[in-house]
Amino acid sequence: DTGVSQDPRHKITKRGQNVTFRCDPISEHNRLYWYRQTLGQGPEFLTYFQNEAQLEKSRLLSDRFSAERPKGSFSTLEIQRTEQGDSAMYLCASSLDWGGRLAFFGQGTRLTVV
Amino acid sequence: AQTVTQSQPEMSVQEAETVTLSCTYDTSESDYYLFWYKQPPSRQMILVIRQEAYKQQNATENRFSVNFQKAAKSFSLKISDSQLGDAAMYFCAYSGGGGADGLTFGKGTHLIIQP
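For the protein sequence lines, the chains are C and H, in the order given. This note's numbering puts the first sequence at residues 1449 to 1562. This note's numbering puts the second sequence at residues 150 to 264.
The set of hints was computed from the structure by calculation and includes no laboratory data. Computed from a prediction, not measured in an experiment: that's the story for all the values here. Warning: the hint list may mix true and false statements.
Stated by the list, open to error - The calculated lysine to any residue pairs, modelled on SDA-like cross-linking and capped at a C-alpha distance of 25 Å, are:
1) H:K204 - C:E1516
2) H:K256 - C:R1558
3) C:K1459 - C:E1516
4) H:K222 - C:K1459
5) C:K1505 - H:T152
6) C:K1505 - H:Q218
7) C:K1519 - C:K1462
8) H:K219 - H:R192
9) H:K256 - C:K1519
10) H:K219 - H:Q163
11) H:K204 - H:E166
12) H:K256 - C:D1534
13) H:K219 - H:G234
14) C:K1505 - H:L196
15) C:K1505 - H:K204
16) C:K1462 - H:R192
17) H:K256 - C:P1518
18) C:K1505 - H:K219
19) C:K1462 - H:S177
20) H:K204 - C:F1552
21) H:K256 - C:A1536
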């Protein structure tokens, strides 16, 4: 296991379409985070899982966004009815709950909504 | 809510020189963690250094060290002997110690290394 893996790396979609991203965390990590990063900004927290439980959601996560981590391993982030404002880099990170918040990031999925 | 402020959008330093990146934060918590992350053009965020708020000793990692001033809520990063590979966006980040909060990031500082 070489790190956090995200798929796809790039996604171009038409406005109004649904998209789904996948994140595979480091295998022994029980915490998984999703962030959104727009150009010129730092990442913004979206949501967090501990094992399969979604414990926290940002107000940034509108009703069009849903995240799952069905077996406490990989996670998916779905955006329904995409809007141009959803264009961003979506980052996934994982950590251990006793790791002093030491989070490891994936390379991200860049979404472009046209 | 916690906030993280990086007041330097861009910094430039000559190769082999020392540069300091500034970060201030606001929180009402007493227990928390602070981080510096590096994001090269490839976009993967890489942890540079971490500081636990309860530790008075400043963290160091090879050429990277921090100046953590808890009372002033300041957390600056010093890079010694700057190398071309240090060129990147640097983000300061905060994580609360009490709960399972995600990281709160600053807007970043673009570090340019002049050869």
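How the hints compare with the structure:
| no. | hint | in the structure |
| --- | --- | --- |
| 1 | H:K204 - C:E1516 | violated (36 Å) |
| 2 | H:K256 - C:R1558 | holds (19 Å) |
| 3 | C:K1459 - C:E1516 | holds (19 Å) |
| 4 | H:K222 - C:K1459 | violated (39 Å) |
| 5 | C:K1505 - H:T152 | holds (17 Å) |
| 6 | C:K1505 - H:Q218 | violated (31 Å) |
| 7 | C:K1519 - C:K1462 | violated (31 Å) |
| 8 | H:K219 - H:R192 | violated (30 Å) |
| 9 | H:K256 - C:K1519 | violated (34 Å) |
| 10 | H:K219 - H:Q163 | violated (30 Å) |
| 11 | H:K204 - H:E166 | violated (28 Å) |
| 12 | H:K256 - C:D1534 | holds (19 Å) |
| 13 | H:K219 - H:G234 | violated (30 Å) |
| 14 | C:K1505 - H:L196 | holds (24 Å) |
| 15 | C:K1505 - H:K204 | violated (30 Å) |
| 16 | C:K1462 - H:R192 | holds (24 Å) |
| 17 | H:K256 - C:P1518 | violated (33 Å) |
| 18 | C:K1505 - H:K219 | violated (28 Å) |
| 19 | C:K1462 - H:S177 | violated (43 Å) |
| 20 | H:K204 - C:F1552 | holds (22 Å) |
| 21 | H:K256 - C:A1536 | holds (15 Å) |
Violated hints, listed in ascending order, are 1, 4, 6, 7, 8, 9, 10, 11, 13, 15, 17, 18 and 19; each of the other numbered hints is respected by the structure.
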